[in-house]
Amino acid sequence: QQQVRQSPQSLTVWEGETAILNCSYEDSTFDYFPWYWQFPRESPALLIAIRPVSNKKEDGRFTIFFNKREKKLSLHITDSQPGDSATYFCAASPYNQGKLIFGQGTKLSIKP
Amino acid sequence: AQTIHQWPVAEIKAVGSPLSLGCTIKGKSSPNLYWYWQATGGTLQQLFYSITVGQVESVVQLNLSASRPKDDQFILSTEKLLLSHSGFYLCAWGQGANERLFFGHGTKLSVL
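These protein sequence lines are chains B and A, in that order. Just add 1370 to wherever you are in the first sequence, counting from 1, and you've got our numbering. Just add 200 to wherever you are in the second sequence, counting from 1, and you've got our numbering.
One should not assume that every hint holds.
For lysine to any residue, the following SDA-like pairs were computed, each having C-alpha atoms within a straight-line distance of at most 20 Å [unchecked claim]:
| hint | chain 1 | residue 1 | chain 2 | residue 2 |
| --- | --- | --- | --- | --- |
| 1 | A | Lys228 | A | Leu262 |
| 2 | B | Lys1477 | A | Asn232 |
| 3 | B | Lys1469 | A | Asn232 |
| 4 | B | Lys1469 | A | Val260 |
| 5 | B | Lys1469 | A | Ala239 |
| 6 | B | Lys1481 | B | Pro1410 |
| 7 | B | Lys1469 | A | Phe288 |
| 8 | B | Lys1427 | A | Arg300 |
| 9 | B | Lys1442 | A | Asn298 |
| 10 | B | Lys1426 | A | Glu299 |
| 11 | B | Lys1481 | B | Pro1378 |
| 12 | B | Lys1481 | B | Val1383 |
| 13 | B | Lys1469 | A | Trp207 |
| 14 | B | Lys1469 | A | Leu219 |
| 15 | B | Lys1442 | B | Lys1477 |
| 16 | B | Lys1469 | A | Gln245 |
| 17 | A | Lys228 | B | Lys1426 |
| 18 | B | Lys1477 | A | Thr240 |
| 19 | B | Lys1427 | A | Phe288 |
| 20 | A | Lys308 | A | Leu262 |
| 21 | A | Lys228 | A | Arg268 |
| 22 | B | Lys1481 | B | Ile1390 |
| 23 | B | Lys1427 | A | Asn232 |
| 24 | B | Lys1477 | A | Val260 |
| 25 | B | Lys1442 | B | Asn1392 |
To give an idea of the interface, some chain B residues facing chain A are shown, with a C-beta separation under 8 Å as derived from the structure [as the list claims (entries may be wrong)]:
| hint | residue |
| --- | --- |
| 26 | Phe1409 |
| 27 | Ser1463 |
| 28 | Phe1472 |
| 29 | Gln1474 |
FYI, nobody ran anything at the bench for these hints, they're computed from the structure. Positions of the beta carbon are idealized from the N, C-alpha and C atoms, including for glycine.
The following block holds chain B by itself, in its conformation from the complex (with noise of 0.2 Å):
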């Protein structure tokens, strides 16, 4: 069955620390992984995204590392600030469908 589990549930860390979010899968004919964000009362909207042809990828303080191997990918949020205090999600979908298949999301909380 396909599904995308992430851990932990719930995250806090304090503002400035690195905030590590993880995620797993299991369908090795996934081939594309984006991370979406929720902020309260909003819709998701997409944060940074990888396909397994990398195993890193940056975009400012996010990055996602992917271990293709292990079916494991996390996502390190450095230098933690308040507003990005939101609901993370992973995704993934196999190559060429119409399915984006989503976790259950990670709230993180950061504290100032």
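Following the hints, position chain A against chain B.
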């Protein structure tokens, strides 16, 4: 610029009553269109996707149906609402498979 509009913004309906939710995309030709459902505080569950007019693929069975009567319009409906249909319904568009999704502002549905 592309815009996505969902209607209505919110609905309160009785169990057993019919439902129709709509989504219109402007400024993008032949987009892939998606319907997602999100329970309060929950993950995003893909319901349907469509790559062209008149063609809709179902991802999960939730006693809902979808139609794409025009290139820029996607409709979600049911003839009989269940309590379990309550939640947040999000329409999204993407340019192709494994590409960024842009979500609308959503419709909050309460079934009583």
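**OP:** Mind checking the alpha carbons of Lys1477 (chain B) and Thr240 (chain A) for me, to see if they're no more than 20 Å apart?
**Re:** 13 Å, holds
Original post:
Within a Cα-Cα threshold of 20 Å, do Lys1469 (chain B) and Val260 (chain A) meet the stated pairing?
Top reply: 11 Å, holds
Original post:
Is it true that the CA of Lys228 (chain A) sits at most 20 Å from the CA of Arg268 (chain A)?
Top reply: 15 Å, holds
Subject >> Hint check: 8 Å Cβ-Cβ cutoff, Gln1474 (chain B) to chain A >> reply: 5 Å, holds
Subject >> Pair hint Lys1469 (chain B) and Phe288 (chain A), alpha-carbon separation not exceeding 20 Å >> reply: 19 Å, holds
Original post:
Is the straight-line distance between the alpha-carbon of Lys1442 (chain B) and that of Asn298 (chain A) 20 Å or less?
Top reply: 19 Å, holds
Original post:
Is Lys1469 (chain B) within 20 Å of Ala239 (chain A), Cα to Cα?
Top reply: Between Lys1469 (chain B) and Ala239 (chain A) the Cα gap is close to 19 Å, so the pair holds against 20 Å.
**OP:** Could you grab the alpha-carbon distance between Lys1469 (chain B) and Gln245 (chain A) and see if it respects the 20 Å cut-off?
**Re:** Distance of about 10 Å is within 20 Å: holds.
**OP:** Please work out if Lys1442 (chain B) and Asn1392 (chain B) have their alpha carbons no farther apart than 20 Å.
**Re:** 8 Å, holds
Subject >> Interface hint outcome for Phe1409 (chain B) [beta carbon to chain A under 8 Å] >> reply: For Phe1409 (chain B), the interface hint is violated, since the closest Cβ of chain A sits about 12 Å away, which is over 8 Å.
Original post:
Holds or violated: Lys228 (chain A) with Lys1426 (chain B), Cα cutoff 20 Å?
Top reply: 31 Å, violated
Subject >> Straight-line alpha-carbon gap Lys1481 (chain B) to Pro1410 (chain B), limit 20 Å >> reply: 17 Å, holds
Checked against the numbered hints given earlier, the structure breaks hints 1, 2, 13, 14, 17, 19, 23, 24, 26 and satisfies all the rest.
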